[in-house]
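**Q** Sequence:
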Amino acid sequence: MAQYFEIHADNPQKRLIQQAVSIIDRGGLVIYPTDSSYALGCHIGDKSAMERIQRIRRLDNKHHFTLVCSDLSEIGSYAKVSNSDYRLMKSLTPGPYTFLLKATSEVPRRLMNPKRKTIGVRVPDNNIVHAMLLELGAPIMSSTLIPVGGDEAMDDAGEI
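Per numbering that gives the first Met the number 0, the very first residue in the sequence shown carries number 0; after that it's consecutive.
Since the hints were derived computationally from the structure, they do not count as laboratory data. Careful: at least some of the hints might be erroneous.
List of simulated lysine-lysine pairs, BS3-like, C-alpha gap at most 30 Å [unchecked claim]:
#  : residue 1 : residue 2
1  : 13        : 46
2  : 61        : 101
3  : 13        : 114
4  : 79        : 116
5  : 61        : 79
6  : 46        : 101
7  : 101       : 79
8  : 114       : 101
9  : 114       : 79
10 : 89        : 114
11 : 61        : 13
12 : 79        : 89
13 : 46        : 61
14 : 89        : 116
15 : 13        : 101
Have a look at the derived ranges for each label pair, beta carbon to beta carbon [unchecked claim]:
#  : residue 1 : residue 2 : range
16 : 81        : 18        : 35 to 43 Å
17 : 133       : 109       : 37 to 45 Å
18 : 44        : 143       : 35 to 43 Å
Since we're looking at a predicted model, the values are computed, not measured. The beta carbon of each residue, even a glycine, is placed where N, CA and C say it ideally should be.
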């Protein structure tokens, strides 16, 4: 059953954030804003939720998901970050950038590029997703919300 929450962009309501995180914890999917568009996300360890995202977006098994993290230290748990990588990410995050880095053993195998063993990670500059990540205590496995047959990400909540 779909639910729609109107969450204040500058000061997200804790109760609504908790409800959204509860959906993720129970194996559900959430559509949430980032700093560049909307994304479809689920819990990092939930294979069936990941498969639902693939069905909804009509993605093949080779599609690469992004780990949306709360901060650089969380990225360090899932990706190998060199000193130069860290300096670059520190200067660009939070922001609308996805970094491809070597994955650590914490990343489920199905999420990383099978040949290169890499993972896309990002720290978006959006108060709502940041509040969700802090409440969840883990990254969100995410895919940009692009309509089937479309080529541009959705960036208007009214369209969704």
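**Q** Decide, hint by hint, whether the structure agrees.
**A** To see whether the hints hold, each was checked on the structure:
1. 13 - 46: At roughly 27 Å apart (the allowed maximum being 30 Å), residue 46 and residue 13 satisfy the hint.
2. 61 - 101: holds, 17 Å
3. 13 - 114: violated, 41 Å
4. 79 - 116: Judged against 30 Å, a Cα distance of about 11 Å means the pair holds.
5. 61 - 79: holds, 22 Å
6. 46 - 101: With a Cα-Cα distance of about 21 Å, the restraint between residue 46 and residue 101 holds, given a limit of 30 Å.
7. 101 - 79: holds, 5 Å
8. 114 - 101: holds, 11 Å
9. 114 - 79: holds, 16 Å
10. 89 - 114: Between residue 89 and residue 114 the Cα gap is close to 27 Å, so the pair holds against 30 Å.
11. 61 - 13: violated, 36 Å
12. 79 - 89: This hinted pair holds, its Cα atoms lying about 15 Å apart.
13. 46 - 61: Holds - the C-alpha atoms of residue 61 and residue 46 are around 14 Å apart, at most 30 Å.
14. 89 - 116: holds, 23 Å
15. 13 - 101: Cα-Cα ~34 Å, so violated.
16. 81 - 18: 35 to 43 Å: holds, 39 Å
17. 133 - 109: 37 to 45 Å: Since the Cβ atoms of residue 133 and residue 109 sit about 26 Å apart, the hinted range of 37 to 45 Å is violated.
18. 44 - 143: 35 to 43 Å: Because 21 Å falls outside the window, the suggested range is violated.
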